[in-house]
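*Asks:* Using the hints, position chain B against chain A.
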Amino acid sequence: MISVKSLTKKYGSYTAVDDVSFVAAPGRVTGFLGPNGAGKSTTMRMIVGLTRPTSGSARIAGSLALNLPNPGRQVGVLLDASAQHAGRTGRETLTLARQTMGLPASRVGEVLDLVGLTAAEADRRVGAYSLGMRQRLGLAVALLGEPEVLVLDEPANGLDPAGIRWMRDLLRSYADGGATVLLSSHLLHEIEIVADDLVVIGDGRIVAQGTKTELLQDAGTVVRAADCDRLADALRDAGYSVAPTAGDGLRTDGDAALVGAVALRAGVALTELRAADGAGLEEMFLELTESTQREGVPA
Amino acid sequence: MTAVVIEKLRPSRTAAAVAPVPLNRLIHVELRKMFDTRSGFWLIASVAMTALVATASVILFGRDGDLTYANFGKAVGFPMAVILPMIAILSVTSEWSQRSGLTTFALVPNRKRVILAKAYAAVAVGAASMLVALGIGAVGTVVCTAVNGTSPVWDVSVVDGVYIVLGNVLGMLTGFMLGVLIRSSAGAIVAYFVYSFVLGSAFALLAQNQQWFHDARPWIDVNYAQSVLFEGAPSAQEWAHIGFTALIWLVVPLTIGLRRLMRSEIK
Chain A
1 MISVKSLTKK YGSYTAVDDV SFVAAPGRVT GFLGPNGAGK STTMRMIVGL
51 TRPTSGSARI AGSLALNLPN PGRQVGVLLD ASAQHAGRTG RETLTLARQT
101 MGLPASRVGE VLDLVGLTAA EADRRVGAYS LGMRQRLGLA VALLGEPEVL
151 VLDEPANGLD PAGIRWMRDL LRSYADGGAT VLLSSHLLHE IEIVADDLVV
201 IGDGRIVAQG TKTELLQDAG TVVRAADCDR LADALRDAGY SVAPTAGDGL
251 RTDGDAALVG AVALRAGVAL TELRAADGAG LEEMFLELTE STQREGVPA
Chain B
1 MTAVVIEKLR PSRTAAAVAP VPLNRLIHVE LRKMFDTRSG FWLIASVAMT
51 ALVATASVIL FGRDGDLTYA NFGKAVGFPM AVILPMIAIL SVTSEWSQRS
101 GLTTFALVPN RKRVILAKAY AAVAVGAASM LVALGIGAVG TVVCTAVNGT
151 SPVWDVSVVD GVYIVLGNVL GMLTGFMLGV LIRSSAGAIV AYFVYSFVLG
201 SAFALLAQNQ QWFHDARPWI DVNYAQSVLF EGAPSAQEWA HIGFTALIWL
251 VVPLTIGLRR LMRSEIK
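Chains A and B are the protein sequences, given in the same order.
Oh and the first sequence: position 208 is 208 in this note's numbering, straight run, nothing missing.
Oh and the second sequence: position 184 is 184 in this note's numbering, straight run, nothing missing.
Bound conformation, chain A alone (with noise of 0.2 angstroms):
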């Protein structure tokens, strides 16, 4: 679990990072998406204590990245592919990764097989490394210490279709056996495939969070209710569409006020009720990206 409260990060007078808060529960994939520059990166570096926040902190399984024991077995962290000494070989790299970690010898073939370097590959230096290959021995560094939170910045960067597909799959299965896992990327819809939860950062903000199917659906209202299925009833009865949302709320197309109107005819007491804040994910993160990219405008 990685548990983000209030994080801010200050270049001078410029905000890189704007008083972030985010929890990344085990067992599922959060996504964290925005466009370059958006504040991804720092955020991540802030987690795994590569950076000072300005305030604010992050915790990792309940205590800070600097506190663990031993960091390697409880995150395992791929920040930047190309950032491995290019005079090493992949296998020299995680020789390394292994030895500050204390594992046995043979723990580095294994994750070898598993991120799909051949032993040759191994032997070969980074410097002579595609940028795919690259991902992939980061994530076997990552993978090395069977860390019960892995944290990925862009793990799919030059990933061929294939390698994108295996790198989802391996993800999937490490959050399915209990791992936190949080990646990033500025690809919506990249990540809206692999995510269970997404937070959404523009200009160094939170601009949404929740789980995908909340944030994905159209807009409308999200309620809950100490009795839902009565609740149902009468929504569908006055003639409104009615679905289950994740976390036992509803999500209906009628607006807040309808849907309280309705509420109290039925004697039903509501324990929420809000606007379904995915308005148009894809609308909204159109709208931040445009607004970072210099694409086309004169300078």
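Careful, some of the hints might be misleading.
Heads up, simulated DSBU-like pairs for lysine-lysine below, C-alpha to C-alpha not over 35 angstroms straight-line [claimed, not checked]:
#1 B:K267 <-> A:K5
#2 A:K10 <-> B:K112
#3 B:K267 <-> A:K10
#4 A:K5 <-> B:K112
#5 B:K267 <-> B:K74
These are computed hints drawn from the structure, not numbers from a lab.
*Replies:* Same frame as chain A, now just chain B:
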């Protein structure tokens, strides 16, 4: 393949109970990192080659009086003393220049421990390399005098050996300091050559032309002050020179560099 392997993919449940990473493990890893890269390999290869050439020239061109233990030891030790500090430099700077620090400091977010391990590794290499040089020098002395039919000249005492090791360790720490201060491989290596050679020549020239500097030089010129360690027992005055120059040329910049390194961002 993938499907089969992924079946076994489960995060370790024992992770909460893992033992902390001990410092000696980090030192071992940092020692290995000094020599497992292409640049590390070639630096060591160049030490071996220059030592071989130097030893050969002592044998070929030296007169009988030159075939002493001290000269054999120097032939092997001098190239080490010049080249090995670059290993100490790269040990620190490659984490930034090659960006491997992103992995190193993610595995050990406590930077003090990584940097401390690097410092220990640099000192260990500095000490071990001089012992190796003295060992090879001893073999050279024995073999060469046996071939020539002369008697070996053992003109390096144990105490001299300790001073030589100390001098070389100070050289390694200088490299380490420049790495910490500059955090860029190219920049730190240029600084090392300026520090060790250009600065020394400039000070020597100044001392020839200015009487006041001639007197002050042992308190200012760090290379000059430390060079006595390779020439036998320093006097109390000379120890003071070594201590004072190490303070201004090593301890102060190292402290500044460490403070900046601890606060810096690893990107």
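*Asks:* Hint by hint, note whether the structure agrees.
*Replies:* How the hints compare with the structure:
1. B:K267 <-> A:K5: 22 angstroms, holds
2. A:K10 <-> B:K112: 24 angstroms, holds
3. B:K267 <-> A:K10: 16 angstroms, holds
4. A:K5 <-> B:K112: 26 angstroms, holds
5. B:K267 <-> B:K74: 42 angstroms, violated
Comparing the model with each earlier hint shows a violation of hint 5 alone; every other hint is respected.
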